[in-house]
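> As you go down the protein sequences, you meet chains X and U in turn.
Each residue of the first sequence is one higher than the one before, counting from 313 in the numbering used here.
Each residue of the second sequence is one higher than the one before, counting from 9 in the numbering used here.
Rather than coming from a laboratory, the hints here were simulated on the basis of the structure.
A virtual CB, placed ideally from N, CA and C, is assigned to each residue, including glycine.
Among these hints, one or two may not hold up.
Selected chain U positions facing chain X (in silico; Cβ < 8 Å) [unchecked claim]:
1. Gly-42
2. Phe-46
3. Ala-71
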Amino acid sequence: MPNENADKTADSRKTPLFELHQQYGAKMVDYAGYTMPVNYRHGILKEHAHTRDAASLFDVSHMGQVKLGGKDAASSLERLLPVDLIGLGNNRQRYALITNERGGIRDDLMVTNGGEHFFLVVNASRKNADLANFESNLDGDCQLEVLEDRALIALQGPAAAAVMKRLAPSSTELLFMQAARVDVAGIECFITRSGYTGEDGFEISVPADAAMELAGALLSSADVRPAGLGARDTLRLEAGLCLYGQDIDESTTPVEAGLKWALSKARRPGGERAGGYPGFDVIARQLEGGVERCRVGIVPEGRAPVRAETELVDKSGRKVGKITSGGYGASVRGPVAMAYVETSSGAEGTRLEAMVRGKARPVRVAKLPFVKPRYHRA
Amino acid sequence: MSDIKFTEDHEWIRMEDDETGVCGISDYAQDQLGELVFIELPETGIEVSQGSEAAVIESVKAAGELKAPVGGTIVEVNETLADEPELVNKDPQGDGWFMKIKVQDSSELDALMDEDAYQQYIDGLD
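Take the sequences, apply the hints, and build the full model.
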């Protein structure tokens, strides 16, 4: 009856924190080629709640960490994405989208200007595709290096700053989307104040051979517990954040996905470096004329979660969209979801029906995010 | 109280008397599913056949179902599960029972596993 198939194949890779997951009794699954923890002994609901109440440590070492150096790094990278990187200040981080010729999204990523070079964090499942894209399309004075010897640890939650203050006092001076090279518990790290939960927090890039030591130092605080991919997914869903491969992919554009805010002014029509990236014509047209479908929040009535791939119909029974992410929001204490619907059905409060196991269940279109973000902006 | 029996799909049934059995999902099943957030039980009075879907189970991670371990008529359901699905995680083979079935053909019970056989069966799954 349980249909969870933990496919622990021999060729799936271990992260530098594999032993930690074992110590904490993690349930492991194969995810994007890595053996990753879904949850630990406390379970997804408690790990989710603990992240909102205190702080959680997430192993996100499966994500791709890439260094891009050379004097043409920014201008060369700008030819692949609709984001202003030339104007990105030192130690500033920006959310970015790599586009294709149809204006679709090849990946979403974080780009940080580390001074000497750009530091990129890309999705684990898109690592190979991104590297192939970079290798064939970046040119000029541009050096690409995949940081295979580093782990990535996210510390997320309202207690994260106090924990970091003890281990790296200067880290708490950072605001949301700022970065610094600092020693954390005496280990040289590169940190950013960002994350994927809607909470204040940090992502810490650490040498692989020191990752266990750093995780131990973070977990020595009574406020910090480990949390797995299960809680990470429900936290980001409540925070209205997209998961690549579900909520955004090669067939969805940034405008349809409600990610207009990620399109830098300088790269939009009329901007100082307008266009010059794949799909600019499509994106420009959509910015001007609107889109036929859009990403929205969905709140199902009752307690039953509505999962990805579920069809949405209007009152007349006509199909108007599809759920792309759905589950149980532990903080809102009920089911929440995201979907693409026809723009005419996308207004907040619109009543639709989700076809779950052949039965129509009432849902309504809701504003994203489902929980208020608590980023440290000032 | 007679012996508990298990299906390969991780349901259990325990006969309360000659004709009525109480059933639910095994401890192994609840552990695999993770924390339950929603359970939809059948209406009493309906008839189910052995192996047919009788209840819907949703956990934080996944959707699943309870298949009727034997055929018969649903005579009672555990209404508390609607508000407290977590009871199934806490006590899957006790307070977390799903429903009672008036068994149509008691020979269907013979095909199910006893506790030892089920333990061996799940040991072989890991």
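> Now tell me if each hint is right for this structure.
Going down the list of hints, with the structure as the test:
1. Gly-42: holds, 6 Å
2. Phe-46: Where the cut-off is 8 Å and the nearest Cβ of chain X is about 5 Å from Phe-46 (chain U), the hint holds.
3. Ala-71: holds, 6 Å
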